[in-house]
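Here the protein sequences line up with chains B and D, keeping their order.
Anchor point for the first sequence: position 52 equals 52 in my numbering, and the numbering is continuous, going up by one each time.
Anchor point for the second sequence: position 74 equals 74 in my numbering, and the numbering is continuous, going up by one each time.
You may find that some hints are simply not true.
[As the list claims (entries may be wrong)] Straight line, CA to CA, 25 angstroms or less: simulated SDA-like cross-link-like pairs of lysine to any residue:
hint, chain 1, residue 1, chain 2, residue 2
1, D, 171, D, 153
2, D, 10, B, 17
3, D, 171, B, 49
4, D, 22, B, 17
5, D, 10, B, 3
6, D, 206, B, 29
7, D, 171, B, 14
8, D, 206, B, 16
9, D, 170, B, 17
10, D, 170, D, 153
11, D, 206, B, 35
12, B, 35, D, 151
13, D, 22, B, 49
14, D, 32, D, 202
15, B, 35, D, 32
16, D, 22, D, 42
17, D, 171, D, 212
18, B, 35, D, 42
19, D, 170, D, 1
20, D, 171, B, 56
21, B, 35, D, 229
22, D, 10, B, 35
23, D, 170, B, 35
24, B, 35, D, 171
25, B, 35, D, 41
26, D, 171, D, 151
27, D, 206, B, 42
28, D, 206, D, 229
29, B, 35, B, 10
30, D, 170, B, 10
31, D, 171, B, 46
[As the list claims (entries may be wrong)] What the simulated footprint calls covered on chain D by chain B, stretch by stretch (three residues with Cβ under 8 angstroms from a Cβ of chain B suffice, anywhere in the stretch; the number is not a length):
hint, stretch
32, 146–153
33, 195–201
By construction, these hints were calculated from the structure, which means they are not laboratory data.
Predicted, not measured: the structure shown is a model, and the values here were computed from it.
For every residue, glycine included, the Cβ atom is placed at its ideal position computed from N, Cα and C.
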Amino acid sequence: MLSCKDVTRLLSESMDHSLPIGRRVGVRFHLLICKFCARYEGQLLLIRETVRRLAAMEDAYGFLTIERLSEEAKERIRKSLATP
Amino acid sequence: MEIAMIGLGKMGANMTTRLLGKGHRVVAYDVKEEAVRATEAMGAVGARTLDEVVGKLTVPRAVWVMVPAGQITDDTIIALADRLSPGDVVIDGGNSNYKDTMRRAAALKDIGSFSGKSSESTWMVGIREAPLSDGDLREHPDPSSFDGSGHWTSGPTDWGGNPADLYREKKFLDQLTECLSGLSPNHANAFTLREIEGEDTGEICKVLNVTETNLWVILHRARMQLRRCLETRWFHRKTEKEP
C-alpha cells in the first residue's frame, strides 16, 4: 500500500518519465481515495502549465530578467572589487 | 540586449534561437564549426575563437556558458575568464565542477562572479554553480508535510478561483521568482531547466552532472517546496487538517 509520501514522490517522477505499470496503477488507485494527493497532482501540473505559459510571454520571459540581474550583478561585482 | 553563448549544444543552441527570436544580438561560439554555422544561419554573430567572442561584445559584456562538465570545459572557462574585464558578467550554465575551477582561476577574482545566493530574482540566472550537496538529496523534501506513517499532516489546500488563468496575473510572476530564489541552487536549476525550459531529463543530468535518479529526487523536492511556497505566499489560505 502506497503512503501519501510515496505517492507525492511518484507523482513527481511521473512528470519526468513513465512509471512501471504496477506503480502507475497503485498511484491512480490512491488518487481515487485521497483528495490531498489528487489535489497535489493537480497543483504540480498547474504550476508546470503556468510557468510554461509565462515563459512564452514576451514581457515575462527570463531574458528581461537577465538584463535586470546584470545590473544587480554589476553592482555586486563593483562592491566586491571595492572590498579587499 | 547583447550576450555571448558559449557552447551550442542542444540547450545552448535552443537558448540562442530564443534570444535571436526576441531580437537580441547573440555572439555564438562552439568548438564545432558546424554548430557555429548553424546559429549564423539564424542570425547570430559567429565566433571561432574566444578572442573573437570578447572582441565582438560591447563592454560590459555578458557571457552565458552553457556547456557540460569536463576538463576541456574548465579550460575553456578559464581561458574565457582571462579575456574578460571587471564589470563583465558570466552566467554559469550549472557545471558542478566549475566552482572549484573558478576558485583556482585567479583571473576570475578580478572579474567577480555570481554566487548561488546572489540571484534573488531570476529564473535564467537561477542556472548557477553549486556542487550537489546532501541536502539536495534528502529523502523528505518537506518533512513537516507527512507524519511517521507517510500520511499528510497538513495537506494541500484548495487553491480555488480559476487557477488556469494564473499566468495572466501580473504579480504572480514576482511571487514565483521569489519562491524560486528560495530553492537551493541545484533545485532551482533543475526546476528551471525541466519545468520552464521543458528540457529532457537526460540533457539536464549532463549539465548538472547528476544521475537520473538524483535528478528525480531533486525535482521532487523542488516541486514540493515551490508548491508550498506558492500556497503560503500566493494563495494565502488556511491549511486544512486531515479529518
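What are the numbers of the hints the structure violates, in ascending order? 1, 4, 5, 6, 7, 9, 10, 11, 15, 17, 18, 22, 23, 24, 25, 26, 27, 28 and 30
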